[in-house]
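Asks: Spelled out from the first residue to the last, the chains are:
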Amino acid sequence: MTYIAKPKVTHPSLPHNALGLTRRAYEGALSTLCAGCGHDSITAAIVEACWRLSLEPQNLVKLSGIGCSSKTTAYFVSGAHGFNAVHGRMPSIATGANAANRRLSYIGVSGDGDTLSIGLGQFCHAIRRNLDMLYIIENNGVYGLTKGQFSASADIGSRAKKGETNRQPPIDPVLLALDLGAPFVARSFSGDKRQLVPLIEAGLQHRGFALIDVLSPCVTFNDHEGSTKSYAYTREHYEPAVLADFVPREQPISVDYPAGEAREIALHDGSRILLRKIGADYDPTNRAAASAAVRAREASGEYLTGLIYVDATGRHPEFHQVNATPEEPLNSLPMEQLSPGSLGLRKILARYR
Amino acid sequence: MTSANRVNDFTIKIATVNGTGSASANTLLMKSIFRSGVPVMGKNFFPSNIQGLPTWYEIRVSRDGHVARSGTVELMVALNPETYARDVRELAPGGYLLYDSTWPRPVLLSRADITAIGVPLAKLCNENFTGVRTRILMKNICYAGALAALLNLEVDRIRELLGETYGRKPQLLESNMRAITLGYEYTRAHFPCPLPLSVEPMDRTAGNIIIDGNTAAALGCVFAGATVAAWYPITPSTSLMDAFKSFCERLRVDPDTGVKRYAFIQAEDELAAIGMVLGAAWNGARAFTATSGPGISLMNEFLGLAYYAEVPAVVFDIQRVGPSTGMPTRTQQGDLLSCAYASHGDTRHVCLYPADPGECFQMAREAFDLAERLQTPVLVVSDLDIGMNDWMVREFHWDDAYRPDRGKMMTPEQIESLQKFHRYLDVDGDGIPWRTLPGVHPKSAYFTRGSGHNQFGGYTEDAAEYQQVLDRLMTKWQTAKQRVPCALLDGEGGEIGIVSIGSGDSAVREALVVLRAQGVTIDYLRVRAFPFGEEVQRFLAEHRLVFVAEQNRDAQLRSLLTLETPVEKAKLRSLLHYSGLPVSSRFIVEGVLAEVPGLAGAGCGSRGRSAAEEVAVTCARDAPPPGKATTPA
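Chains as they are written, first to last, in our numbering: chain A, 1 to 353; chain B, 1 to 633.
Just so you know, the hints here were simulated from the structure itself, not pulled from any lab data.
It cannot be assumed that every hint is accurate.
Said to hold, decoys possible - Chain A stretches covered by chain B per the calculated footprint, using a threshold of three residues with CB under 8 Å from any CB of chain B: (1) 79–91; (2) 100–108; (3) 137–146; (4) 157–171; (5) 338–347.
Nothing here was measured: the structure is a model prediction, and the numbers come from that model.
We put the CB at the ideal spot given by N, CA and C, even for glycine.
Could you build all of it, start to finish, from the sequences and the hints given here?
Replies: Below, the structure written as structure tokens:
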């Protein structure tokens, strides 16, 4: 459908944000992903969050790597510059871009292959540098564009479309980010817009590295029996009422559940995946406890979601604080502040005479 | 060695063990010769190791100003027992051997055609200094004293140099001077000083400096206004980044607030380093990285993206010996092809080839201007010899009127006047599109991608749209030919030519003087950039036979010439030097004469120019067109 120009129809009654912009102003090109793909729901959540935040579109920078997830930066905020890097290397582009101009907002969208396999090193080091950006992983446990290979986030025992069973343990980006010192770590689900939108808003507003690992089921390559993320398996375990409005290949999943209550999420998971809201007794400012809680839930086949950890002290210095760069962006410093001139050169060369 | 006058015309080679402080002694010697007004060059042949392996340092003293290796050694300072036998063998007949006579070496002194000078360096230092480390260090300073006596160097000048180094540490100054004096006095008392090969003050170094290419390149980056430097440590490029950091710490840190007007990022690997450079340059900062062969291999994918998505970047490749890890501390020109065509698909990159530190300084600035003007990566292809050795070059100058060429970067006003911005449209017909920066204007957004795109910046898989962009990139390549530094021409009208590149320049130029004295006149062209301008093609066409002198096994420059110009392959004769040591003038002379035995004395191409005649080296191309001051339509 790429040949169809996306219609920009703005109804006069559409609500406006503080900048006087409607949600239309935050949309992008028409998605070319499979109908019903979780990624499109995340795109919609990003549009919603940016609109709610009243971001100036040109002050957002969109970054991505390669894969289904990485295509999505073209599908939101068309008024923002985008950079589609090479596979797994989005964090380095983000680092350089951010170094050049600290005044913009940086949002990176990646997938589980792009982040946890080919890009694992750069992901880890962006966290170490505490780069001021929002990093969203659209996590579906599978390679989509190359048609269904396991990714590094695939669960043990999960079966691929062609029959192979995964025997290798998954890499959990949330645990990794907690270990590496990320100051903002969240997990959500593409179908839970109510949870996801505020997380994106918070992640964009947060200073330093913000990770949101978004479980975003693949409707095309995890749609077979034996996969822990298959459509068929999921349908057997879910209440029809939840499933009623969802038709895979046509529209995204949408689920709401009250805080504190863990429940099975329809469609893209079986009994082994549970999403649980963070309860009142949970302290998201204690890194060690957060890590332990995530591990405990994973042991019982559940995924803890929400804002899992946030550094409440604000003492974790981000990239520019560590490097003591000026408030004024490096890309706009005048030459007089950079080049010592001919007199300066003569002085410098004295020791080489 | 002939008995001819060797005053201010000889090579000293010093064989020691690395990590023992010999570097300070060698620099001291070289600098004191330089301050005597005598042209000098220093080359370090060091191991990839921290301490304990053989290392050599060559100092060439040349009254005629030749800064290449001569290819012979007239004075050997053989202080490393492990390499003693081969060091003695390498000495030219009639040469002098300085050795540590604390331990006798009768068996190895069997050459009758050399003069051995034994100075008990270890004994002298053991008697005068305490502590194992101090004794080792002082032994090396002590040989500098012995050489000062043999070569007739002024002790006061050595003291002056030591004072500059240890000005704030009087105790170190005193102990160093004591070691110098020990060697100096002993040698004077026991041997006829000075030797026939000695240093007599001249006035041929005024207006020159002694500097290495990596320091010069780093300085060029500072002056060009680079603000983002990302890198991964790799020999022999590391000293470039170290120098940039150190210059910035001195020149770009606010003394009151500690605010740094630069970002210096040690990346996790070379892939990330080049990614950071692309991200920063895409976002409007002048950004660069420095690396060596293995790093270039790793950067290939991103270089292809930068070529296709048209992102500026500056990369310094300080070539070392390959393939693979190769010999990290030895020099080579082995990355000519891998830089020119880095990455898969139809990619080609602008490369600049400095020949010495002076050009490193100048080309650093040119690289940033070209990268932004052409919106593409520019690789400054240097090597270990240029980057890490001490070169005598003309003092650098800076034009305060210089303003960076940011290329076709649209201002908010220009964007405002547009109906719609299209990233890859060839508005001016030179193949260079206009670009915008994030955060500048709501109408300026575009999507940068390495996937197929049309001239409007949109994704495409359409054959015609894809080809249109690829063809426009070739138009840009033609524009680049006009803008890159021209090849330099020395002499014309002869039948025989020689082409060289980068650090081979000084050896070739000296060789041509030697050959001319033998009646062989050869025209010389040094390429300084890729793509080659029309002057390169013309030079190849106008000569019956063209030598191509380069420092690799596979004749990579020759390959580039045959790929990129219509030259007949048969008339190109390679002179290939790939030992890992810098090429000598002798190698070039012998190579030319061996290839064409009838050449010497045949008056070939002779146009009556004497060997001593100074010939102006000229740019072999008409002046490039001025920068287009167009506005986007």
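Asks: Now tell me if each hint is right for this structure.
Replies: Do the hints match the structure? See the list:
1. 79–91: This one holds; 10 residues, not fewer than the three required, reach chain B with a Cβ under 8 Å.
2. 100–108: holds (count 4)
3. 137–146: violated (count 0)
4. 157–171: The restraint on the segment 157–171 of chain A is violated, since only 0 of its residues have a Cβ under 8 Å from chain B and three are required.
5. 338–347: holds (count 7)
When each numbered hint is compared with the structure, violations occur for hints 3, 4.
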